[in-house]
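Protein chains: 2
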Amino acid sequence: MDAGKVNGQETRQDPDGGALLRRAAELDAADPLAPYRDLFIGTDTPLSYLDGNSLGRPLKRTPQDISDFIRDSWGGRLIRGWDEEWLELPHTIGDQLGRAVLGAAPGQTVIADSTTVVLYKLIRAAVAAVGDTERTEIVLDTDNFPTDRYLVEGIAREEGLTLRWIESDPSSGVSVAQVREATGPATAVVLLSHVAYRSGFLADLEAITAAVHDAGAVVVWDLCHSAGSVEIDLDGAGVDFAAGCTYKYLNGGPGSPAFAYVNSRHLPGLQQPIWGWMGRKDSFEMAAGYEPAPGIRSFLSGTPAIFGMLAMRGTLDLIEEAGMAAIREKSFKLTGFAVELFEAWLEPLGVRLTSPRDPQQRGSHITVDHPAFRDVTAELWEQDVIPDFRAPQGIRIGLSPLSTSFEEVHRGVAAIRERLEGRGFDNPRGMPVN
Amino acid sequence: MDAGKVNGQETRQDPDGGALLRRAAELDAADPLAPYRDLFIGTDTPLSYLDGNSLGRPLKRTPQDISDFIRDSWGGRLIRGWDEEWLELPHTIGDQLGRAVLGAAPGQTVIADSTTVVLYKLIRAAVAAVGDTERTEIVLDTDNFPTDRYLVEGIAREEGLTLRWIESDPSSGVSVAQVREATGPATAVVLLSHVAYRSGFLADLEAITAAVHDAGAVVVWDLCHSAGSVEIDLDGAGVDFAAGCTYKYLNGGPGSPAFAYVNSRHLPGLQQPIWGWMGRKDSFEMAAGYEPAPGIRSFLSGTPAIFGMLAMRGTLDLIEEAGMAAIREKSFKLTGFAVELFEAWLEPLGVRLTSPRDPQQRGSHITVDHPAFRDVTAELWEQDVIPDFRAPQGIRIGLSPLSTSFEEVHRGVAAIRERLEGRGFDNPRGMPVN
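Residue numbers (our numbering), protein chains in the order written: chain F, 24 to 457; chain B, 24 to 457.
Isolated chain F, as found in the complex (with noise of 0.2 Å):
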């Protein structure tokens, strides 16, 4: 191999002389989940993508699926599509995402709205299955993604709870010891994420449902940031409630419907607020009075966004046969190497990682902070390096292990490296950096 060049790529600028360009050639040819990359729209480009945790990209089949379903489905079974497959699509598209990610039996899962709006119905749900009025605070932490602490912010006020929050360092996440002495008899729920959107945490989600259930509480976990990344397992862990996005790992395109999972123990009575149609038993019966649907189904309240629901099936049957070990696996190996660029590049500019540095730690993405990050990523998105910006000045690096390639981390974050060092000062407009 010409110590000049990789895969077509100049190395003589590199510090390391090339050597960091000759170790993502060698992590991708060991990779057996390589293949799969070649499967996504716009992998055989020079973009760097890097924010496969914010929005996945398209499967190149994702076209013609969408289009052969506007034809022939939508168009030729008309109405009738309906009957013949899109009122059991929640389902049958919940219980696959429950089997290949979620680690849940059949019959738990649904796919509807938006996270925001299906993270409402089940914490309203979780309040009334606890059903204490002596429990009046939910728990969750200052570092909990924005539209989880709006949301509870807007319940506690209807529902005259209280707030109680768990100061969680931006740089890791929700310790199973904070939430034991943040938990008590007053508490009713528990609202965490199982990957912190900003450090990339991974939070202990057996050890930490454990300890909610300790306190006699349930727990809402947030699953938008470790579905199809982090392995799951829900049922092993007992836990009460969970929701999470489609149009990250999962690659169900912008604003694709959320999921939600309801343990089977709190089927039985669910109460959710919003009472529609498609919760209704027989609902095309269209008769006087509310009467929920029995199991699952009675947490659907509006008509399910097929049109939406589509592009994800194709990543779950990639994930099934890929299996989550080793998509994890990649994943590791996607975000260790990601830590190697920073210590050998951008470190020595003054950024900084707050991310946790042991891989079993952190889901598939990992933020870097510096005061220029606000004006370098958008130089770097008008080159096609695509990593996201998280304010004040992070930079976050996401990491989609079937869509990723480690030599396209070492393009993405070599350019960082770039647009730092072509600012001519490594510790830019002389702030401090800590």
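Simulated from the structure, these hints should not be mistaken for lab results. Fair warning: this is a prediction, and the values are worked out from it, not measured in the lab. Please note: incorrect hints may appear among the correct ones.
A pair counts as met if it fits within one copy or between any two copies, since identical chains are not told apart.
[Stated by the list, open to error] Listed next, the in silico SDA-like pairs over lysine to any residue satisfying Cα-Cα at most 25 Å (straight line): (1) Lys356 with Asp61; (2) Lys83 with Ala345; (3) Lys83 with Gly99; (4) Lys304 with Gln294; (5) Lys83 with Pro69; (6) Lys83 with Asp95; (7) Lys83 with Glu108; (8) Lys83 with Ser96; (9) Lys83 with Arg94; (10) Lys304 with Glu181; (11) Lys304 with Arg397; (12) Lys304 with Ser287; (13) Lys356 with Glu229; (14) Lys304 with Leu186; (15) Lys304 with Pro394; (16) Lys83 with Glu405.
Following the hints, put chain B in place on chain F, whose structure we already have.
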């Protein structure tokens, strides 16, 4: 024209000797909107679609539009698409809908969620807007759409309100006098459908809105069956809140998101209960504490369903071009022709019309009743004649003005007649028909 054949269709079996088929051909020839029909998938097949009021047909351009979006916008722009276009789509499409269909000035309409979830948020907002604890009643009618009825049961329970039911005539709908009688100092919110889902009755939106205001209450209109088929002037009528779906006359596809209208006078201080990141001021700062975004933006909760918003844009363009006045004019003629066919062929077989005979009093569908219609509908669907069935014994004939021809209506109603005749009885199973 051969008397035994019109447009290639055999007429000898028609009891009128082909007169109504010739009339259909004349009506099609004189229809200024006829060319629009060619723009829809499947209109060049023998299929008769009488259910565009339940799920509209896709446009022929839709498969290509969506494929291009997946490849170029989602696949090519990736996460950049949010900043470049998608975040504004709920507003840009909402404003176009307001202009083309709703009679709503910009800044009052958004695309979001499902109809059920939108109605939940609007009704909760309406109760908060009234803000008078002496006003404890939600008024609605017994033949309102099921999801509307179920929703308010739930809301009444959680808000400590009571429901006051107007007994609507299932063959027509709610009158202004009934609304005046049902409303008063105890009324908080009135929730009604503009066009009744079963009878097609067109409520007097302007006079009823005035009656509700006279009682000191606010009105929420469900426009699912009127948006895109009936001229609407929400601003002119001073309507408070409105919602509707986009998969009927707007051809957004199965489960495409809903729309919400909030009159600008209710926007300052609007209180909707599902506080999500998309409704917060400066969403992407992800700061602590919920502060509503200015204007209609605060109605949003979760990530907008971009993927489900794309198809409707093609239809909104066509509606702006054709104009709602011409669309309404064709709708009169279509339902009028369906009633002619009913009178000539179905009434003699014991079928009843359960819709207004006066075309001014109905939207774009009619319902006919017969005890055999559950079975008949199943048989019709097998032979590509697709009306809707509404329990217990109604066939609903929905006539989407841009995509339906008079000849198609003729073919569909002839098939209904043939199925009844084929059963060898005009009073099937000896059951009483009224």
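With identical chains treated as interchangeable, where does the CA-CA distance between Lys83 and Arg94 reach 25 Å or less: within a copy, between copies, both, or neither? Answer is both: 18 Å inside a copy and 8 Å across each meet the 25 Å cutoff.
Lys304 and Arg397: within-copy, between-copy, both or neither at 25 Å Cα: Result: close only across copies, 19 Å inter versus 51 Å intra.
Up to 25 Å between alpha-carbons, please classify Lys83 paired with Gly99: within, between, both or neither. Intra 24 Å, inter 12 Å, cutoff 25 Å: intra and inter.
Homo-oligomer pair classification [Glu108, Lys83; C-alpha up to 25 Å]: both (24 Å within a copy, 23 Å between copies)
Should Lys304 paired with Leu186 be assigned to within, between, both, or neither, using CA atoms and 25 Å as the limit? between (35 Å within a copy, 21 Å between copies)
As a check of your reading, is Lys83 near Ser96 (CA-CA no more than 25 Å) within one copy, between copies, both or neither? both (20 Å within a copy, 14 Å between copies)
When no copy is specified for Lys83 and Pro69, does a C-alpha distance of 25 Å or less occur within a copy, between copies, both, or neither? within (17 Å within a copy, 34 Å between copies)
Can you tell me if Lys304 and Pro394 fall within 25 Å by alpha carbon in one copy, between copies, both or neither? between (55 Å within a copy, 23 Å between copies)
Have a look at Lys304 and Glu181 and pick one of within, between, both or neither, based on CA distance no larger than 25 Å. between (28 Å within a copy, 21 Å between copies)
Which holds for Lys83 with Asp95 at a C-alpha limit of 25 Å: within a copy, between copies, both or neither? both (19 Å within a copy, 12 Å between copies)
Intra/inter-copy verdict for Lys83 and Ala345 if alpha-carbon distance must be at most 25 Å: Classified as within; 17 Å inside a copy, 37 Å across copies.
Under a CA distance limit of 25 Å, which applies to Lys304 and Ser287: within one copy, between copies, both, or neither? within (18 Å within a copy, 38 Å between copies)
When each numbered hint is compared with the structure, no violation occurs for any of them.
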